[in-house]
Amino acid sequence: MADMKERTQNIERKSREAFEESVAALDGATRSRLARARELALTEARRRYRPSFSTWVPIGAAAAAAVMAIALWSGSHVGPQAAEPALVALEEFDIMAAGDDLDMMDEDPAFYAWAVEETADGVG
Amino acid sequence: MRVREEPVIGSATLSWPMPLIGGREARETAVDQERALERFLAGVEKRAFRIAKLSLRDHDDALDVVQDAMISLARNYSGHPEEQWRPLFYRILRNRITDYQRRRRVRRGVIAWWPGTAQDDGPPDPVESAPDPSGTPDEKLEGEQLLERIGQVLAALSGRQREAFMLRNFEGLDVAQTAIAMGCSEGSVKTHYFRAVQALQQEIGEWQT
Chain A
628 MADMKERTQN IERKSREAFE ESVAALDGAT RSRLARAREL ALTEARRRYR
678 PSFSTWVPIG AAAAAAVMAI ALWSGSHVGP QAAEPALVAL EEFDIMAAGD
728 DLDMMDEDPA FYAWAVEETA DGVG
Chain B
3 MRVREEPVIG SATLSWPMPL IGGREARETA VDQERALERF LAGVEKRAFR
53 IAKLSLRDHD DALDVVQDAM ISLARNYSGH PEEQWRPLFY RILRNRITDY
103 QRRRRVRRGV IAWWPGTAQD DGPPDPVESA PDPSGTPDEK LEGEQLLERI
153 GQVLAALSGR QREAFMLRNF EGLDVAQTAI AMGCSEGSVK THYFRAVQAL
203 QQEIGEWQT
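Chains A and B supply the protein sequences, listed in that same order.
For the first sequence, the working numbering begins at 628 and goes up steadily by one.
For the second sequence, the working numbering begins at 3 and goes up steadily by one.
These aren't lab readings, by the way, just hints derived from the structure by calculation.
Worth double-checking, as some hints may not be accurate.
[Said to hold, decoys possible] Only some residues are given here: those of chain B computed to face chain A with a beta carbon under 10 Å:
(1) Gln35
(2) Asp70
(3) Thr193
[To be verified] Derived, one-sided and incomplete: chain B residues facing chain A with beta-carbon distance under 10 Å:
(4) Phe51
(5) Val68
(6) Gly81
(7) Arg170
(8) Lys192
(9) Gly207
[Stated by the list, open to error] Derived CB-CB ranges, DEER-like:
(10) Leu667/A with Val108/B: 24 to 30 Å
(11) Gln154/B with Asp630/A: 21 to 27 Å
(12) Ala629/A with Arg109/B: 45 to 51 Å
(13) Arg105/B with Thr670/A: 47 to 53 Å
(14) Arg663/A with Glu84/B: 39 to 45 Å
(15) Ala737/A with Gln86/B: 48 to 54 Å
(16) Ala38/B with Ala651/A: 20 to 26 Å
(17) Arg663/A with Gln204/B: 38 to 44 Å
Backbone N, C-alpha and C define an ideal beta-carbon position, used for all residues, glycine too.
Isolated chain B, as found in the complex (with noise of 0.2 Å):
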């Protein structure tokens, strides 16, 4: 089943003349919508880093992809009741991150057939050549350990798995939520979750033992 955005309709681009019409009232409006979006953004700012951190390994493009959903969210769907932004938000994150890795398999594409290029033993392998994302062996915590092992198992999922665990489970999102942000049927959901909840018992199950 697909899950249609809704059409932006009058509310958000009438917005823009109230203040000069409406007055004081309308500007107050405006002023509480801006407080809110700015709430809003800042209470899902930094998970939004860890989950985009996790699907692309890397932390500028992390940071990259949700400050672009941010502006996106805000040029665009401010104007969405509030309760709507967080499955907005992470879908506009996950086409992001998407872009990003749709990106960089064509760079490795480009760069491995491109004559010339310095390969000293073919394409260069995607895991070795990621950023250890866990910095420096003194800061690491064992949590930290657990989620480098957990985001290593999840890299190892189909995106839509690893999106469903970590938007069910990181982020708190129900069900409905989440077929939202993903752009899936409930169903799709509950068995994209399943399978990585599956994998993670098996993975990270035996690492601790």
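Isolated chain A, as found in the complex (with noise of 0.2 Å):
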């Protein structure tokens, strides 16, 4: 038991080196790729946050503007979020799907005494 805990934690950790030092060598090229990928994702986010228009507005008009952000806000439940479900109902067909294999208890001894020490380790 000791020693297959112990092998597990040892491949565990070489595996984790290896991928941390994967991460570490990243050439330039492919970090400025990603940076230039997150800043079209945070482009993204400020069309979300910020109105493109001015803040700064006569009473009257901001009125008018508030009126016109609640019908826009009741009208993004039909826009937006019309792809969140889709999403969701997507990603809930993937699941069901998927077929995951849960006979482990039943068939690998091994796996209920790992599945034990991991639950009294506290981990996860």
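Please dock the two separately framed chains into a single complex, following the hints provided.
Okay, here's the thing in structure tokens:
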């Protein structure tokens, strides 16, 4: 049991170290591409957080804008949020179709012993 | 057990008109949220790229799926609490990787089936035709060689086992977060992770001796 745990921890540690090394060794061109991708994502986020028009408006125009905002917010349930139920539905379909293999507990005592140890160590 | 995504409540969409109605405080909140998102993406992008590349075995495809996932998170989920971003991001990344893999299979099927396609020896071997991700021999570090070997072993696993191992061990997600990212139960995460570790012990242990 202790030997299995030690071997598990050993392979976990070695693979994690190799992964961290590979992340640190990423070349400059790839890092640059990732930074550009990040900027694109932040541009998308800014479109959500900040309207493109000026926030300084006269009182009358502010009232009209508030009415429009409420109307657009109500309308936004049809727009972007319509995509999210579709995303959820698609992802749930993926989950149903995945076919998890859950026969370990009956067929593999080694897995059961490992799972007990993980729980005792407070892992996860 | 299915893990349902939280429905988007009003907060994310209400944040849009707030800079107009709520004034300076709302604008500061929006700026803080942008900065938090930038910090998160900057922290996750390189690791996500490596994880995507281990799954797709292609440099450009990995960059594409990471970009897609970042944009999707920013567009659809940046209004969620910050502690949810990591598992949500990896859930999106996983879906994008799956999409790419499915498209590749369809493309190979079409190429194989289409009459007149130049195929000397039948459908291409996906392992042989996968681009070598390891760079030139001079660039290889011992760790890269080990990671390449790990990548080969992971590529031979089921998608679920591969995901569970990379998310738990490389990215450090706990079981609950990994379950959200993978869209499965915590028990399934443990099952898949255990199988992946077993396979790695068997293959990597033999390789290193």
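- Hints broken by the structure, by number, lowest first? As far as the earlier hints go, 13, 14, 15 are violated by this structure, in ascending order.
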